[in-house]
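Protein sequence lines, in the order shown, are assigned to chains G and C.
Position one of the first sequence corresponds to residue 0 (numbering that gives the first Met the number 0), numbered consecutively onward.
Position one of the second sequence corresponds to residue 0 (numbering that gives the first Met the number 0), numbered consecutively onward.
Be aware that a few hints might be false.
Unchecked claim - Simulated pairs of lysine-lysine, DSBU-like, Cα-Cα distance not exceeding 35 Å: (1) G:K328 - G:K195; (2) G:K196 - G:K356; (3) G:K33 - C:K194; (4) C:K190 - G:K33; (5) C:K48 - G:K344; (6) G:K107 - C:K179; (7) C:K145 - G:K33; (8) G:K235 - C:K190; (9) C:K190 - G:K105; (10) C:K190 - G:K107; (11) C:K13 - G:K33; (12) G:K107 - G:K309; (13) G:K105 - C:K197; (14) C:K194 - G:K107; (15) G:K105 - C:K194; (16) G:K309 - C:K190; (17) C:K48 - G:K271; (18) C:K13 - G:K107; (19) G:K264 - G:K33; (20) G:K105 - C:K48; (21) G:K264 - C:K13; (22) G:K344 - G:K174; (23) G:K344 - C:K13.
Quick caveat, the hints were computed from the structure, so don't treat them as lab data.
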Amino acid sequence: MDYFLTEEQEMIVETAREIAREKIIPVRAELDEKNEFAASILEDIARADLFGIFVPEEYGGLGGGCFEIVLALEELAKGCVGVATTFAASALGIFPVLIAGNEEQKQKYLPDIAAGSRWAAFGLTEANAGSDASGIQTTAVLDGDEWVLNGTKQWITNGGEAQIYTIVALTDPSKGARGASIFIVEDGDPGFSYGKKEDKMGIRSSATRELIMQDCRIPRDRLVGRKGTGFITVMKTLDVSRPGIASLGVGLGQAALDEAVTYAKQRVQFGKPIIGFQAIQHMLADMATQVEAARALVYAAARHIDAHPKNMSKVSSMCKVFATDMAMKVTVDAVQVLGGYGYMKEYPVEKMMRDAKILQIYEGTNQIQRNVIGQELNKEYA
Amino acid sequence: MELLVCIKQVPDAKDVRLDPRTNTLAREGVESIMNPFDRHALEEAVRLKEAHGGTVTALSMGPPQAEAVLREAIACGADRGVLVSDRAFAGADTWATSYTLARAIDTIGSFDLILCGKQAIDGDTAQVGPGLAARMNLPYVTCVQKTRDVVDGGIEVERMMDDGYDVVRLPLPALLTVVKDINEPRVPSLKGKMKARKADIPVLSAADIGAEEACIGLAGSPTRVVNVFSPEPRGDRKIFTGTAEEQVDQLIEHLRDFL
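Please work from the sequences and hints to get the whole structure.
Here's what the structure looks like:
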């Protein structure tokens, strides 16, 4: 379907597609098997200027928005959701600075992010704070000219690989969520270290690790936005980032569909290619319809968000839920179309099915997304 | 460091056909790409520029549509592209092509290092690089698999050999032809593509480069293609089986029959 992209947006798609085809697809199975972080691919992505697409031009970026990120992520995800997740997580990590950072912070960090010479990560989740983010226990106390952070962040994408971390910590524990603030912690800061490296079901080329802050001392000017506004920034960040996760679902669903159709045209049973059987045709037809419907919703949501509406939570959650549930279903069906071959690691759909699962879990589970949609409906019909 | 890369637009190797009348490559309706070896030459030039400063000029001789590979070169990091194009160049062999390129390079500037792909995948002659060096009276090394260092007005490179490699140091200016092992070319960048889209690609004619009529195109080309054909598959084949020793014994026995 023609989504009427601008020439610049077409270039983004083409560039991300070339990265996927030339740099990601040839090595994705090996990265998955070895649980290996794809550092050299990130360098390729950086050289292609893709890290700059969402950074304003005055900081060396290309000045794109949510829609441009969505376009790039969709193509990268066709190659490997693990690599695409690494890219998406770096964007997520720097969004708080873009949304709430001051001019000095933007000057200091955004040019490096745009150039791809430094990557970011977002530190919100803790052992007791997953879906209920207000349960965080990491604290930050001002001591003279320094903030002192204590706590452990869990399952942090790009942990140990990124150089810039945006960490959510309580500056006033008595106020709960209203006492949270965001801080920039850099790799190498005193008292900042990395813990357990996770061994995951899918997206194994992405790094997922604990962040440990033990009397971690950072300069006073690393506070992002005003004290106590951390959760507002977190919510704004997730509103803008969720369509990115949704687009990973679209890319993954499309890639699984491509594999399934290609296979169904080649595989001969009962004397003809299995695509000639209605049972297979209908599965493929449903898969294709769902992928296209998800893409249309994600693109529409991203364009809506780029118009800076007052409320974007509902559409942001809708596209995340729809596209990632779609990716799970379509990848399972792709394995089914390939039958026994689909279950084997020689074919890419096995990895795609494993990769799909996380999309329904991270950046807000799909149950939490439905909560958000439901709450918004409740407000709308008041 | 002023660098120049010679780039040829070639038909995509996935889709090669011969024109049965002229015995030359059919170019109509075939997708054109940048000669793959030239992509590696370009990447090496861009890396040398990144390490040592200077500029990269991409040069191509070809029909007007060859402009596309020069835009691609700019997207991949070249600073500018120059197209040498004139109906009078048509039918040039490697002798006339090297003359034309040499005239063009003399016209557009002076360069410390000229890089070419080892060969083009259409003609496969591997003659234009060395021919160009000879025309320009430059030292050259073919089949370079690595540029080691740029020191004291010279460059040290590794030349790929059947068994290992030679280390060659040559003074600049010089010319290198490169093999694919030298690097892994980058994907064109977004900013590069935007620059490429807007770039002005000057086109030089035979008159612009002061080329003599007798030296260019068909007139300047001593090569005549007499016949091009696909070899008939040979019917007589024999496959030996068994251990390596047994196979060798069988082979020697078999060869004896021909003595």
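Checklist entry - Does the alpha-carbon distance linking K235 (chain G) and K190 (chain C) stay inside the 35 Å limit? => result With Cα atoms ~29 Å apart, K235 (chain G) and K190 (chain C) stay inside 35 Å; holds.
Checklist entry - Is it true that the CA of K105 (chain G) sits at most 35 Å from the CA of K194 (chain C)? => result Holds: K105 (chain G) and K194 (chain C) sit about 26 Å apart, inside 35 Å.
Item to check | Given pair status - K13 (chain C), K264 (chain G), alpha carbons within 35 Å | outcome: holds (22 Å)
Item to check | Restraint check for K48 (chain C) with K344 (chain G), where alpha carbons must lie at most 35 Å apart | outcome: violated (42 Å)
Item to check | Hint consistency between K107 (chain G) and K309 (chain G) [alpha-carbon to alpha-carbon, up to 35 Å] | outcome: holds (29 Å)
Next on the checklist: Tell me if the straight-line CA distance from K13 (chain C) to K33 (chain G) falls inside 35 Å.
Outcome noted: Roughly 33 Å separates the two Cα atoms, so the pair holds.
Next on the checklist: Just to be careful, I want the Cα atoms of K33 (chain G) and K194 (chain C) compared with a cutoff of 35 Å; is the pair within it?
Outcome noted: violated (39 Å)
Next on the checklist: Need the status of pair K48 (chain C), K271 (chain G): alpha-carbon distance at most 35 Å?
Outcome noted: Violated: K48 (chain C) and K271 (chain G) sit about 56 Å apart, past 35 Å.
Checklist entry - Are the Cα positions of K145 (chain C) and K33 (chain G) separated by 35 Å at most? => result holds (30 Å)
Checklist entry - Is the straight-line distance between the alpha-carbon of K309 (chain G) and that of K190 (chain C) 35 Å or less? => result holds (32 Å)
Next on the checklist: With the threshold set at 35 Å, check whether the alpha-carbon distance from K194 (chain C) to K107 (chain G) stays at or below it.
Outcome noted: Holds. K194 (chain C) to K107 (chain G) sits at ~27 Å (cutoff 35 Å).
Checklist entry - Does K105 (chain G) pair with K48 (chain C) here, judged by a C-alpha cut-off of 35 Å? => result Given pair K105 (chain G), K48 (chain C) holds - Cα atoms ~30 Å apart, limit 35 Å.
In summary, the structure is inconsistent with hints 3, 5, 6, 17, 18 and 22 from the numbered list given earlier, while agreeing with the others.
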